[in-house]
Amino acid sequence: MTQNLDLTDIQGNIVKAYGSSGFFKARYLFLRVDDGDKGRDFVGAITSKVTSANEKLKGDDALTVTTNMAFTYAGLQALELPTASLVGFPSDFVMGMSKRKDILGDDGPSDPKYWDKIWQEKVHIWISINGKTSDVVEERYQWILQQIKATGGVTLLRGHCGEDGNGNAVDDLPYQDASVLYEKDGVTPTAKEHFGYTDGIGDPVFDGQTNNAARVIGRGKLTRSGDWVPLATGEFILGHVDEAMEYPQTAPRPDLLSNNGTYMVYRKLHENVGTFNKFLDEQSKDYPGGKELLAAKFSGRWRDNGAPLVHTPDNESKAEWDKKFAAADDATQKRMLTDFTYNEDISGAKCPFSAHTRRINPRGSLEYGVKDAFHTPGALVDRRRILRRGLPYGKVKDETSDKGNHGIIFMALNADIKRQFEFVQQQWINYANDFKQGNDKEVLLGNHSSKDPGKVVLQVEPGSGKPPHFVNNIPRLVETRGGDYFFIPSIGALKLIAGGLVDPT
Amino acid sequence: MANTSGKATALTVLSPIVNQIIDGKSCADITRERCYRLPIHEKSPLAKVPNTYLARLFVLDNVYYESLTASDSIFNFSEITSIFSDSARLKALPRKDQLKSKYLVFSTNFHGDLDEYLTGMWEKWSYDDNGQQRGVQHIWEHCVAFDGVKDSSSFISYMKRCQLDATLFFNGSTDDSLQEQLKSLYLKQEFSKFAAANQGKSAADLQQAFKVFIEKVQPENLDQPSWVPGQSTP
Chain A
2 MTQNLDLTDI
12 QGNIVKAYGS
22 SGFFKARYLF
32 LRVDDGDKGR
42 DFVGAITSKV
52 TSANEKLKGD
62 DALTVTTNMA
72 FTYAGLQALE
82 LPTASLVGFP
92 SDFVMGMSKR
102 KDILGDDGPS
112 DPKYWDKIWQ
122 EKVHIWISIN
132 GKTSDVVEER
142 YQWILQQIKA
152 TGGVTLLRGH
162 CGEDGNGNAV
172 DDLPYQDASV
182 LYEKDGVTPT
192 AKEHFGYTDG
202 IGDPVFDGQT
212 NNAARVIGRG
222 KLTRSGDWVP
232 LATGEFILGH
242 VDEAMEYPQT
252 APRPDLLSNN
262 GTYMVYRKLH
272 ENVGTFNKFL
282 DEQSKDYPGG
292 KELLAAKFSG
302 RWRDNGAPLV
312 HTPDNESKAE
322 WDKKFAAADD
332 ATQKRMLTDF
342 TYNEDISGAK
352 CPFSAHTRRI
362 NPRGSLEYGV
372 KDAFHTPGAL
382 VDRRRILRRG
392 LPYGKVKDET
402 SDKGNHGIIF
412 MALNADIKRQ
422 FEFVQQQWIN
432 YANDFKQGND
442 KEVLLGNHSS
452 KDPGKVVLQV
462 EPGSGKPPHF
472 VNNIPRLVET
482 RGGDYFFIPS
492 IGALKLIAGG
502 LVDPT
Chain B
260 MANTSGKATA
270 LTVLSPIVNQ
280 IIDGKSCADI
290 TRERCYRLPI
300 HEKSPLAKVP
310 NTYLARLFVL
320 DNVYYESLTA
330 SDSIFNFSEI
340 TSIFSDSARL
350 KALPRKDQLK
360 SKYLVFSTNF
370 HGDLDEYLTG
380 MWEKWSYDDN
390 GQQRGVQHIW
400 EHCVAFDGVK
410 DSSSFISYMK
420 RCQLDATLFF
430 NGSTDDSLQE
440 QLKSLYLKQE
450 FSKFAAANQG
460 KSAADLQQAF
470 KVFIEKVQPE
480 NLDQPSWVPG
490 QSTP
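These protein sequence lines are chains A and B, in that order. Using the numbering used here, the first residue of the first sequence is number 2, and each one after it goes up by one. Using the numbering used here, the first residue of the second sequence is number 260, and each one after it goes up by one.
The following block holds chain B by itself, in its conformation from the complex:
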């Protein structure tokens, strides 16, 4: 399975959470609470990690059990025997699996190279948590063996150890860097405003207005004016 599609990379990381209780709370619950407390939109730490298209963070408690799926086939052996014996029915059901521990799941789609992205996560991930600045360590703190992570290179190798192959890609994205995509969306929105505001003008007036428009929106300048990552309102 390919973790990349064009210049986009899909990263899915499953980090086991330590099976311990601290001050009456399980480490899984502490981690879940920290996930809930992450700010969203522009203030999300992921808005600061360069080139994040879309990311998700949650605690996986266990796997779901799926019973037998409904069958339209005319002859289904287990269904026939089930009529006569419940133990035959139960034997025909799939085995029930359990996870040995709970997992912190981090799933992201981003532009570019994995090592660079993970370095960005280590260096840029920060947010305000009731007056305290938090780094990426705060979320992963109670994951198994995370105490060995001290710097960006140990963070990168930790995340890679927990990595699963993933092929799910966010469809609403082009192959460009986040900055380019945000600038394109900004330009598209501004241009539609420009077209609406200037309809019916003479060619000369239109050209004049277009010059002013280009000076304002600076198409070549990716930094600004543009949308900021995580922007939630126009």
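Isolated chain A (complex conformation):
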């Protein structure tokens, strides 16, 4: 039976992504709790406006601005949660992101010592404002400042790198702004990030999220019969059964504190646009398929419209696909973008093993054509999925330079940070044993070092007589500039925290 979710209890942006519902602007605030009592009053004040998953996001009577809230482990300590509840949180969350740098590969320029100054502070609370316009975001921001003033006991932390109102680089902003990128006209929103790729197409679908079977294709889990069904709710929301038919082990006591909550990984990822463009130009000189095909080989999708490489492995098939795509209705277009597996491409000749989409979601292809190797084709994949809820930040002023502040605010939601996000980052992005590619890192996100630059192999069809293509000297294209692990409680749990009523006995 389909899972019924308590939408009024679950915070917004978990079940439905704000970004795809017209909320193109976002602002992220980070606060320190200086006084437990007053801090809880502040949490209560904000909770009155926290957006639930039940709110209408589209249409005339829909919301135009949202507010959500989450906490670091230190934040929950500062809000004086009972010790018997605190000890139930998992060690990855307790340690926080900067202490997990060896697992995440945050080394060299991504080392926490180079992060935005705010990450040297005691970050306790995360508040996000998502809005349909900058004005409504600013208005909600002003309201939050009023609450800070009214209750006291919390400090809004400064120290984000960005630009002031005059376009000058500063390093002490009191918030992090994010926004979708626009077409050259400055008005038409896009789903692109700064390297020009379309982002967030293949987000997972879990039980209770949608009744539309077509939306599950290529995004849920692959069954033995070849159908796609939604992933277990417990992979993303605590208090629900997960893919192992168990309740997530990461839930603190009492159930009312953890149920309908989840964990969020917040990462500010700077994109080295100048290096990327130079690298792509240089590498495509020797690449027979040309620059755009090579760019697609890095990601698994073509930059212009997100066409999956598995169905468009060369320029000819891409042209055919584009024609069909242009003529298709909205539902068919969505299906064309997600309806594929890598079992159609076991050799990696179409979509390389190093491509971003193949690394973060191998789509039931880790059986490598061995019949019934696991109990389902996706057995090794279904417990490593993450919901991505981020937005780009900043503007690229000079496409030949890495300087400036622009990248992606990456936000991943999952029930178990270690098992899901950290595993994907450590084993699939920065290592390739599961893909039989030695230690070749993923091209775009891998932590390539200048001392030992990365390489990947673009395979060709076996028996084609063509040589495989090597992509060499891969530089660090994306750098971590900050972040932490947060617990997003349910709205009911927010009220318990605010009231000092969390009772683990």
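By construction, these hints were calculated from the structure, which means they are not laboratory data. Check each hint, because a few of them may be wrong.
[Said to hold, decoys possible] Part of the chain B face toward chain A, derived, beta carbon under 7 angstroms:
| # | residue |
| --- | --- |
| 1 | Ala455 |
| 2 | Gln458 |
| 3 | Gly459 |
If you're wondering where the values come from, they're calculated on a predicted model, not measured in any experiment. Idealized CB from N, CA, C, for every residue including glycine.
Use these hints to put chain B onto chain A, whose structure you have.
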């Protein structure tokens, strides 16, 4: 049980540690501390013992007690009686075993013959311990009857007396000598660099580059260039 698989040998040695206290420290703790102080990677004494694929050294304090395993069977007599009496539950539990002494456990997978390997351990095992050169005797010093070990042949017979049958083999290894395996890995890595650096070249240029490559890597020369045992970085 076979201690060999192809040309690989698995050796597991359990040497009892003397149950004595020296200057306020138990011999087991002294031995454990000496194990902790062994250098690792290239500087490990095991990197010097020829043909070691993988080895492990630790002090076993006691055996673990395993209680009753969970049972899905519908009828389990001890579970039923446990409802009525705790003593019935306790009686149904497995017996608790104790080791009479603590053991130094040495477990290794290597290429070739056991006697030759143990001779290599006796002769080549050496490392720098804060300026002092240590041999293999330093680790085993406080093991029962090790004071009778004076030379390689008494070392070999001591180790064999402490040997257990072992069938656990390191899977990431071929049947070749360590030197051959290290050379193969070196060649594989260098060849992938060569392929990447020379793609797109004409056949003539490629052949020329390949000649230079072969001269550099010397495939027939197992000594060098190659990886050294225990090598930790490229």
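Status of each hint after checking the structure:
1. The beta carbon of B/Ala455 comes within 4 angstroms of a beta carbon in chain A, closer than 7 angstroms, and the hint placing it at the interface holds.
2. Taking 7 angstroms as the C-beta contact cut-off toward chain A, the hint placing B/Gln458 at the interface holds, the least distance being around 5 angstroms.
3. Here the hint on B/Gly459 is kept, as its CB sits about 5 angstroms from the closest CB of chain A, short of 7 angstroms.
Checked against the numbered hints listed earlier, the structure breaks none of them; every hint is satisfied.
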